[in-house]
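Participant: Here's the letter readout for the chains.
Number of protein chains: 2
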Amino acid sequence: MTASFKGKTPSRRAFLKGSIAAGGAVFGASAAKAAEPDPLITEVQDWATGLGDGVDATPYGLPIKYESDVIRRNVEWLTADTISSINFTPIHALDGTITPQGCAFERHHSGAIELRKEDYRLMINGLVDTPLVFTYEDLERFPRENHVYFCECAANTGMEWAGAQLNGAQFTHGMIHNMEYTGVPLRTLLNEAGVQTEGKWVYVEGADASSNGRSIPLEKALDDVLVAFKANGEALRKEHGYPVRLVVPGWEGNMWVKWLRRVEVTTQAIQSREETSKYTDTLANGTSRKWTWVMDAKSVVTSPSPQSPIKHGHGPLVITGLAWSGRGAITGVDVSLDGGINWQPARLAQPGTAKALTRFYLDVEWNGEEMFLQSRARDETGYVQPSKAQLREVRGENSIYHNNCIQTWWVKPNGEAENVEVS
Amino acid sequence: MTASFKGKTPSRRAFLKGSIAAGGAVFGASAAKAAEPDPLITEVQDWATGLGDGVDATPYGLPIKYESDVIRRNVEWLTADTISSINFTPIHALDGTITPQGCAFERHHSGAIELRKEDYRLMINGLVDTPLVFTYEDLERFPRENHVYFCECAANTGMEWAGAQLNGAQFTHGMIHNMEYTGVPLRTLLNEAGVQTEGKWVYVEGADASSNGRSIPLEKALDDVLVAFKANGEALRKEHGYPVRLVVPGWEGNMWVKWLRRVEVTTQAIQSREETSKYTDTLANGTSRKWTWVMDAKSVVTSPSPQSPIKHGHGPLVITGLAWSGRGAITGVDVSLDGGINWQPARLAQPGTAKALTRFYLDVEWNGEEMFLQSRARDETGYVQPSKAQLREVRGENSIYHNNCIQTWWVKPNGEAENVEVS
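Line by line, the protein sequences are chains A and B. Per UniProt numbering, the first sequence starts with residue 1, numbered consecutively. Per UniProt numbering, the second sequence starts with residue 1, numbered consecutively.
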């Protein structure tokens, strides 16, 4: 299987020409159409018959109405209330790596609040030489950085612990987004306040009613954490923490505190609700995995998938998906068509970058037989994404979070796909 | 002047502490406030007093209402009608490099039309072995690529030929956007049809009433041109050519044909309206510059700028802007505070990538004196962005397009900025 089109020219070209000769550029057209007129006459794109919208029509644009199904979706039965709930990025319908803010998944513990820049304050306190309170305008005066990072909820793919559940990449893997953030390194603000030698952790909290407080080791806080105010170039959307959120690259989304209100330097972890009763996983022996901050290497085929079935006939098929690792850059993705028996290297659209989504493609000729599609990522540390069986062996059956198992889509001869488990 | 914050810690930290000691984290606060209570008590961020919006509130989100001024804007007197006109990206208010589709500039010659994927057809004809017509679904079956590229209208900054005109980076430099495109290389489709040896050019046209036909040398068409269907991960917006537009990296935006309908392989250029009476520049000797496809290296300070004045007092100030080149990657940007007498290197947020926007920063201590802010980009070919005087010397005074001159903002002691020319 070659990755480039050129290597496949003969069959693909023959296929396309055959299709056209048979009556149209529509693939899978019946051979019975052979007697129809030249499609080049009937199938040419019509010209517009009138003028379109002027440049004053949409000062801020939205997707065209034909794409109204490419939206965030929540799952009603998943939580008791939409105020403390999640919705999912439509990753099955996206390509590339950037997630537009408008369809990037949300997770709130007490709803998305409205906070004006003018009213915004960020306190740095605790074990610092000088406690400080910054306004939004203050933050804009510190040197900024720009980085593309993924943000993944620790619960992403969590339903899969219990077996193949939700039918669609949006629902199994859509608690993730990937944006270009602009912000001030947290270390800059901590240095400004002067961290005292006893300080070993920071406790970060938001201004929403839940506060969503989390403890972060000082080493991470001084490394690549950003106090961010822009995503994909523009202000954070309300639901993403306007005007300021924390960006904790590679670490679970719950720590990316929105409406960031306070950073306290402490001697030890606070042991807050969000890091004790939540965001921990009970193992088979009854103890809990805790401080499971890093999101390990993971990948998923986004198309074909249950929400993105194959609608065309046999022949050329683009298999595509996303891979990511909280430990660094993705160095490779393998794809299996037969449930993990044989693997072939996918093509990375661009070289992987640290803690950001990487798009992969595998261009195949599909003969119409069923497939058990899987993808398997590896990162620059050499870590390889495990199977569901391997994960369960180590973690038991009681977990909710940090499921980075290999996902399987059963693609049927009719092109429809289903979430399944292979043993 | 150092680029990193650490090198500036003493003065900045002293400044911040001084500010807080004087009565608040608000910079520029009067010293008369010194007797006020500890700001850490009065200025802490309030907790939300209730719940926010649930995750079902915004299936597809928009910017928060407080950002309602960060929108595309057109200039009423610039064109006779908004149907054949332009609006401008609010670059003065953005950071990073990605432009959200919703506020990315539009240019139409007969308005933005609505075209369904189901109805879409792309013809490849002319000097090819087999004329082909592709459906949208066909295009999805070819190997895809992902690239971030800028798209700049040839007329961007065009008003500056006549001197400092429009007051704001949005209006002087906002005919530009930068997105991650997903598409099929045009060469793949041309190879599919089989380009005949006499073929030396392609003529590309859109389905809108203007057709906006342009000729492109075959060499470029076979190089990095994309037949794109996604931007920043999602479908192209209507106003950006849904469902399919051409992406012609580094070349003037007029060639990035939207609602792409047909690609004809020809022996020579068509000499269409858009490449003869338009998108050419009359020189002093009466002849016209033509085939000025490439957008040369250029940059602009986006903040401070007329629409983004300095609102805080003296001390730390972030100067930021964008740089780009149609010939490759940006390798450096210099910034001048005194109208081009002295220059200092800006910090690039990330290493420049070919034919894409690069964000630069210069972190300075502003003493409140007036500045004549300029930026000067250079690219990997060694080309250096020229002054307005240098451009006029070569091109005369009759041009409209391809003005990549150094821009000057006069920043006054009160922080307001104005578009000016320096001799």
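Read the hints as simulated data drawn from the structure, not as lab findings. From a predicted model like this one, the values you see are computed outputs, not experimental measurements. Be careful, since some hints might not be right.
Using 30 Å as the maximum straight-line C-alpha spacing, the simulated DSS-like pairs for lysine-lysine come out as follows [said to hold, decoys possible]:
no.	chain 1	residue 1	chain 2	residue 2
1	A	K220	A	K290
2	B	K278	B	K220
3	A	K117	B	K220
4	B	K117	A	K412
5	B	K412	A	K117
6	A	K311	B	K117
7	A	K65	A	K311
8	A	K65	A	K220
9	B	K412	A	K65
10	B	K311	B	K220
11	A	K65	B	K220
12	A	K311	A	K200
13	B	K65	A	K117
Participant: Next, verify each hint and record whether it holds.
Facilitator: To see whether the hints hold, each was checked on the structure:
Between K220(A) and K290(A), the direct Cα distance comes to roughly 17 Å. Compliance with the 30 Å bound is thereby established for this hinted pair. For the proposed pair K278(B) and K220(B), the alpha carbon gap of about 21 Å is at most 30 Å, so the pair holds. The straight-line distance between the Cα atoms of K117(A) and K220(B) is roughly 46 Å, outside the 30 Å bound, and the hint therefore fails. Our distance criterion of 30 Å between C-alpha atoms is met by K117(B) and K412(A), whose separation comes to about 25 Å.
The hinted pair formed by K412(B) and K117(A) meets the criterion: a straight-line CA distance of about 25 Å does not exceed 30 Å. For the hint linking K311(A) to K117(B), the alpha-carbon distance of about 14 Å falls within 30 Å, and the restraint holds. Restraint check for K65(A) and K311(A): the C-alpha separation of about 21 Å stays at or below 30 Å, so the hint holds. A distance of roughly 43 Å separates the Cα atoms of K65(A) and K220(A); the hinted pair therefore is violated under the 30 Å criterion.
For the proposed pair K412(B) and K65(A), the alpha carbon gap of about 46 Å is over 30 Å, so the pair is violated. Restraint check for K311(B) and K220(B): not satisfied, since their Cα atoms lie roughly 46 Å apart, outside the 30 Å limit. Restraint check for K65(A) and K220(B): not satisfied, since their Cα atoms lie roughly 34 Å apart, outside the 30 Å limit. At most 30 Å may separate the alpha-carbon atoms for a hinted pair to count; K311(A) and K200(A) exceed this at roughly 55 Å.
In summary, the hint linking K65(B) to K117(A) is supported, as the alpha carbons are separated by about 12 Å, within the 30 Å threshold.
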